[in-house]
Structure formats: C-alpha cells, structure tokens
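S.K.: One letter stands for each residue in the lines below.
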Amino acid sequence: MLEIQNLTVRFQLPQGTITALEGVNLTLRDGEKLCVVGESGSGKSVLMLAVLCLLPENACVSGSILLDGEDLLQKSQKDLTEIRGMKLSYVPQGSGNSLNPLLRLGFQVSESLVAHRRLPRRGADQRSIQLLQQFHLGDEEQLVRSYPHTLSGGMRQRALLALGIAPEAPYLVADEPTKGLDSDRVGLVVDCFNSLEGCSLLCVTHDLTFAQQVADRVAIIYAGQMIEYETAERFFGSPRHPYSKALLDAVPERGLNAIPGFSPGHEDYTDACRFYNRCPCRTAQCQTQPKDRWDGERMVKCIYGAP
Amino acid sequence: MALLEVVSLRKTYRTSMRRVEVLTDASFTVEAGETIGILGPSGSGKSTIGQIVTGLIRADSGTIRYRNEELHYPLRSYQRKEIQILFQHPEVSFNPKYRLEQGFQEICRHYDLRMTRRELLDYLADFGLYREHLERHPIQLSGGELQRAMVARVMLLDPKLIVLDEPTSMLDTISQAQVLRMLEALQRQRQVSYLYITHSRCLADHLCQRIYYLDGGQLREEPFPAEICHQSSQKKEGRKFYHETHHIIPAEHGAAAPADRLRRESQPK
Ligand code: SF4
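Taken in sequence, the protein lines are chains A and B. Using this note's numbering, the first residue of the first sequence is number 1, and each one after it goes up by one. Using this note's numbering, the first residue of the second sequence is number 1, and each one after it goes up by one.
The set of hints was computed from the structure by calculation and includes no laboratory data. Built from N, CA and C at the ideal position, the CB exists for glycine as well. It is possible that part of the hints are untrue.
To be verified - To give an idea of the interface, some chain A residues facing chain B are shown, with a C-beta separation under 7 Å as derived from the structure:
no. : residue
1   : S40
2   : L151
3   : G154
4   : G180
5   : D182
6   : H206
7   : V251
8   : P252
9   : E253
10  : L256
11  : A258
All chains, full assembly: derive it from the sequences and hints.
M.R.: Take a look at the structure:
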C-alpha cells in the first residue's frame, strides 16, 4: 500500500518560494490503479516525482510517503536505489531523453531484467523480445539491435513501457504513457495496464478517455491542490467538483466544450478557492479556501461538494 | 472553383536501406471557408500531405492548384503567406532565445506589418495572451499558451488556408477544447479554410465538414457524419451550463448517473 499523507512540495527559486503541491492525501491500495489527472503545471508531475524521490535539490518536501509502511522521505539514497526497480518501477515520458542513446534498445530492456529479476543474460534477451512484442512495434528481433534514435516518438514511448514493466515490480509509476500516441496504440497501453495482475499503478495523465479505461480511482489536481479523489466509476458518471465537470465536458466524446479562462499561476494564488475565477457555481462564500471534504475514501474540495 | 485542388499526389521516401511509398495517388479538394479532415493512423503519410501543400517538401508527381493557379515547389511568396501550417509541437516554431514579444516583432518586421505595442496587446487578448505572456520566453509558457500564440502568429498573416497537423495532441483536455473552439470561431470570422490532420475520428467529426481517410497511399472520402459523437455544443451561461450541457456517458461498469442527481449534488446547501 502506498499512502501519501499531507504532502507539500515547495521550490526555492531566486524569485522566492513557490508551492507546487499543497496538502495532498491519498492512498493507493494493493493492486489498485490510480490515475492522477491535471493540466501541465498543475503539480501532478511533482506528485509523481515526489513518490519516486526524484525531485530536484531545491525542492523542500514535507509530509510523508509510506510505501508498505516505510516512509520514503526518510530513506537514504542507497535504500532508494534498491527500492526503485525492485519495488517501484517507473515509465518516463517518451518525448524526453529517457533511453540511453549509446546503447541498443534490447540491451536496455534486458539490463533491467538482469539487474532486478536476476535473469541470466540469454534469458533476459529472449524475454525483452517478448515484452516488446506485446506493444506491436514490428520486427522486434531487429528492433532490439537498433539504437533509440532510429525509433519514432510513439515507438520510444512503447519501448519505455516495455522497459518499465520488465522488472515486474509491485508498484508502477507512469508519466503520461499515452502522450502523442494514436488511439490504436493507446489501446495497447490500456491492455498492458489492465493485464498487470496484482500491480499497483500510479499513472499521471491528462487523457481522460484513457483514464476511464484503466483507473479504479482518480485524483484530480488543480493549481497545486487535489480537488477531487473518487472512484473512477463515480467520477466518470457524476463528477462532483465544478472543475472536474468542466474537464469531462471538454473531452471530445462528451462535447468538446471549453470553459473560458486558465488556471492561475503561482503568483496569482489568493485566499479564494483556486477555481473561483472560472467557476460557474461560485458564490461569495468561495472567497475563502474550501476545505477538503472527506466522506470515507472520497474527497472533494468545494463548498458544494458535500455528499 | 475550389480553393485548393490536389490531384494524384505521389511521394516516396527513400533511405539507403529502404523505400517507403507513403502517397500513391492522393486527391482531394478544399473549398473556401471549409474544414476538411485527413484521418489515418500514425505513419500513414498524413503529415506528408500537409507538408507538400504548404511547400515544405516536394511531391514526386501530381498537381496542386491553389486559387486556380498551379503550385510549384518552391512556393511563391504570396502563396507562402496565404498557406500556413500549425504543428503538433508549437515549441519548435519559436526561437527559444526570444521573448514572445520579440517573436511577434520579428514577424511584423518581416512582413512589414506596422503594429504598436498597444495594438499587439489588443490583438493578442483575443487569443487569451496578455502582457505577462509577452515578457516570457517560450520555455516559460505552457503548451496551450504556446499553441494559442502560434495561432495568433499565423493569423497575423491573414492566411486563406491553414494546415492543422495534430495541433492539440500534446495538450491537456481543456486546452485542446479551447484551441479547437478558437479555431472554429476564427474560421467564422475570417472565412479561412482548414486542412485538419488528425488520428481522432471524434475530433474530426467535431470540426470538419468532410473527412478523407488515408489508406494505402490513397484518400477515400468517408461517409459523413458517420455517427455524431457529441450531442450539443451550445454554450449556456453560468450554472445552468453544466446541468444542461453535461452529457453523461455512464462509466463502463454501468454506473448510470442521472442528470438530476448531478443537479442535486451541486446545489448549494
Ligand atoms: S468552492 Fe466555490 S468557487 Fe470553488 S469550485 Fe466550489 S463552487 Fe466553485
């Protein structure tokens, strides 16, 4: 079980301190799939990096992140290196430089099998081909011998997924695994995640259609705060926070309706609800920040969200 | 007379290792003020069509007539100005060392458009860009902001045809809806035509009047509308907006969500 308690992340910048994430509480149960949804700059990636303990040096983190009861924030670098890979595996974004340009693709996948699953090199090579085949990259036998620069962005993304699931770690953290993929390929990712037996998934995404297909639970982040935490079934049926509703209305299949306005920058945070300027339901009461309203395992941060 | 008429376009990419025939016989037309969609999986050559039409690459054979005049590679300068393209990655279209304002000044200088700072600010406000954005470098802007800046920049040239090459596939859901709705509004104001390249049938249904499917290097016009994936896109004011236009598709496990429950739950207590 992964429990995030009162997690706050601040960054020390020359211009001053900014709060990227504020008081987030959530739980990822064993075998559960959680999608963290938010727009770029909302703080969703910060949440993910905090769980991986990969935040940059100027980050100041408070709260706790308990992985099977042990606080990751208190661990030494050495322990963390052990945990990453064995217990916690990571699928980075394909558009980044996450693959080593100097190593053949097959070596990179099999290396993770050798290191974390202690497979012999031969077996690992065989297994890498199978893993890549799952993602329909085409001519995998040839592909394992090629270098990352010969792959398209979408292929790199899928290769990274194969790499991420290779160690069969009990926790998988994925960063926008469907970004830039077309719908058929998104289907492959959906199948892959849905076939991960017993693995807990924390997936950061902005693709709600994808989230609906994989998530058991969703957490919505807006301007550094978690504003709704809900089972996927209820969220996609009847979201409670006005921002969540706006998000779903903007999904192409649901009308492609855009609410006006943009999320506030860090310098524009006020005492009011962060969604105040764009919220169609706002009243005078929203001039003070709404509290997190918990109801069992569901949460909504809005004065009207009471169950 | 169609604004753009493309007949039997052919293009083969050759590397030392292999030949890939992406277009074998692609033909289509675009009327003035119309949006046509080109659908197809990744790697099918959709983007190649857009790049040929904008004159970024050369076709092996085939003819393109624009405003009844044949387009030859390289395009003539008025054609380059009137036929524009929006890419999937807006960040590559900006000079990373320029503040946004310098980027706009450069265009104005190049095309001899005289604009004071005030006029530029007024113009950009329609695109949701304000003074603070002008001070920033591309890296300090979000994907949505950059793409809106890109639209603003392209519109400065008063184009007649814009190739939209997956312009929102890197954006979050709300930014995507904002950018696409903005493009629709601009089309109504300016009668500009769009050649919309996408892999999403649903997005194409929203935006296009006609849709072509690229298959085996040829374009086939799709029956349209196949099924409308959206119900109503009218906007209503305020709180009513959500309740009346909230199209609920039940979650896959069948948790139907009656609209009245939604209404009850969002009422002030
Ligand atoms: S607290 Fe008020 S302003 Fe904030 S989301 Fe709820 S209704 Fe809207």
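S.K.: Against chain B, run the beta carbon of A:E253 and see if the smallest gap drops under 7 Å.
M.R.: holds (5 Å)
S.K.: Is the hint on A:L256 kept, meaning its closest Cβ partner in chain B is under 7 Å away?
M.R.: holds (5 Å)
S.K.: Using the nearest Cβ pair, does A:G154 come within less than 7 Å of chain B?
M.R.: Nearest chain B Cβ about 6 Å off; hint holds.
S.K.: Measuring from the C-beta of A:G180 to each C-beta in chain B, is the shortest one below 7 Å?
M.R.: A:G180 check passes; min Cβ-Cβ to chain B is 6 Å, inside 7 Å.
S.K.: Double-check A:H206 for me: the hint is only fine if its C-beta lies closer than 7 Å to a C-beta in chain B.
M.R.: Hint holds; A:H206 Cβ to chain B Cβ min 4 Å, cut 7 Å.
S.K.: Verify the interface restraint on A:A258: the C-beta must sit less than 7 Å from at least one C-beta of chain B.
M.R.: Holds, because the Cβ-Cβ distance from A:A258 to chain B comes to roughly 4 Å (cut-off 7 Å).
S.K.: Hey, does the A:L151 contact hint survive, CB to chain B under 7 Å?
M.R.: violated (12 Å)
S.K.: Closer than 7 Å between Cβ atoms is the bar; does A:D182 clear it against chain B? Give me holds or violated.
M.R.: holds (4 Å)
S.K.: Would you settle whether the hint for A:V251 is holds or violated, based on the nearest Cβ-Cβ distance to chain B being less than 7 Å?
M.R.: Holds: closest Cβ of chain B sits about 6 Å from A:V251, inside 7 Å.
S.K.: Let me know if the C-beta of A:P252 comes in closer than 7 Å to any C-beta of chain B, holds or violated.
M.R.: At about 4 Å, which falls below the 7 Å cut-off, the nearest Cβ of chain B leaves the hint on A:P252 intact, so it holds.
S.K.: Holds or violated: A:S40 as interface residue toward chain B, Cβ cutoff 7 Å?
M.R.: With Cβ-Cβ at 5 Å, under 7 Å, it holds.
Of the numbered hints stated above, the single one contradicted by the structure is hint 2.
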